[in-house]
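Visitor: In order, the protein sequences belong to chains A and B. 4 is the number of the first residue of the first sequence in the working numbering; add one for each residue after it. 70 is the number of the first residue of the second sequence in the working numbering; add one for each residue after it.
Simulated from the structure, these hints should not be mistaken for lab results. Predicted model only: the values in this text are computed from it and were never measured. All C-beta atoms, glycine included, are put in the ideal place defined by N, C-alpha and C. Be a bit skeptical, because a hint or two may be false.
[Claimed, not checked] Covered stretches of chain B, going by a simulated chain A footprint (3 or more residues, C-beta under 8 Å):
hint, segment
1, 76–87
2, 108–121
3, 222–231
Read off the chains here:
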Amino acid sequence: MESENEKNQPSSEQKSSNTSRVGKIDKVDPAKNFNEATGNKWTSIFQKFNPLGTIADMYANTLAYKIETKRLEVEQKRIEEQAKITHNVLDKSFKLKMEELEQRRLALIGFYETVNRELERLHIERMTVLKMAEITTNHMLETKDIEEKRLLKEFATELTSQIPKFGANANESLKNLVQTLPQVPPAALIDIAN
Amino acid sequence: MWWLIPVGIGIGKLVYDYFSGQEIEARQRWESKSREVKKTVEEHRRNIEVNIQEVKKTVEEHRSNIEVHIQEVRDSYNYKLLTDIHFSSFIVADSAYQLLDDARSSLDSMVKIIMKTKNEKNELLIKLKELKTKKEKIPVLENLKLLNEMRQSLFDDKDKVKQQRDDLYNEVKRLNQQTNELKTFIRDRCGTKGIEWYDRLEERRRKKIAEGK
C-alpha cells in the first residue's frame, strides 16, 4: 500500500518543479482513463444492484461520462486561471526588468554628464595652455634680451609639457566611460521568461 | 367430464396468450429503453470527445498566447536594453572623437610652434655665418642653444601627443564599429520595433549627409 501511495503521490522535487514552472499546462486526461482511475468501481456496483445487466452498464457509463464532463469543465477553468497567472507573472517580471533598465540608464546619464563636464574642462584648459604657449613662444622669439628669452623659453617649455598630461588625463576619463559599455552582443540579453 | 379437456385447453391458451403478450410488451419496453440508454451513452461519449477536443484547443490557444507574450516581452526588453547601450556607445564614441579632435588641434599647434622655432633657428644659422668675431657670435650661439633645447622638448611632447592621437584614432574607430554593430544587432534581434528604429536612424543619417553635415 505504501509503495502504491508513493507512486501516486508526487515527490517533493516534482512539486517544487511544478510550482517553479508557472504556466506550464501539463496534460488533459482522456475519458477512457476515467473508469480505470476509479478502479471500475462504478460499473461493478451498478452491475451488482441492477438485474438488467446491460442497462446497468450503460447507466454506469452515463454517470461516468457526466462526471468526466464535469472534470473537464473544471480542468478548462484551471487552465484558464493558470494562463492568467502566467500572463500576470510575465507582465510583472517585464515591469521589474524595465524599471531596472531605467534606473541603470539614469545612473549612466549622470555619470556621462559628470565625465563630459570634466572632459570639457580639460579641453578648455588645454586650448588655453596651447594659446599661452604660442604667445610665449612668439614673445621669446621677438625679444632680444637673452635672460628674458631664457625665462620665456622655460615658461613655454613648461606650458607645452602640460599638453600630453592633459591628453593623458582625458584618456583616463575616456577609459572610465568605455568601461561602462558592455560587450556586443551584450551578455545581459534576456531570457526574461526563465 | 370429457368436455373439461377443451375448456382446460382454452383456459391454458388464454393464460399463455396473456403471459406471452406481457412478455412481448416487456421485451419491447426493454428494447426501447435499451436503445434509448445506448443513445444517451453514445451522446455522452460524443460530448466527452468534443469536450476533450475543446480543452486541448484551449490549452493550445493559451500556450500559443503565452509564447507570443514571452516573445513580445523579450523583444521589448532587448530593444530597451540594446537602444540604451547604443545610446551609451554613441555618447562615448562622441567623447572619444572630441578628444581626438583636441589631440589633432594640439598637434597642429605644437607643429606650428616647432616651425616657428625652426625658422628662427635657420635665420640664426644664416646670421651666424655672416658674423666674424667670437664676441658677436656668442649671443647668437646662446640663442641657438636655447632654441635647440626648446625644440628638443617640443619634439618629445609632440611625439607623446602624436601617440595619443593615434591611440584615440584607433579607439574612435573601434567605438564607431561597435556602435554600428549594435545598430544592426537591434535591427535583427528586436522584431518590428528594432527594424523601425534602424530605419529611422538610417533616414536621419541620409538626411544629414544630404544636408552636408
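Visitor: Hint compliance check: list the failing hint numbers for this structure, sorted ascending.
Guide: Result: hint 1 breaks, nothing else.
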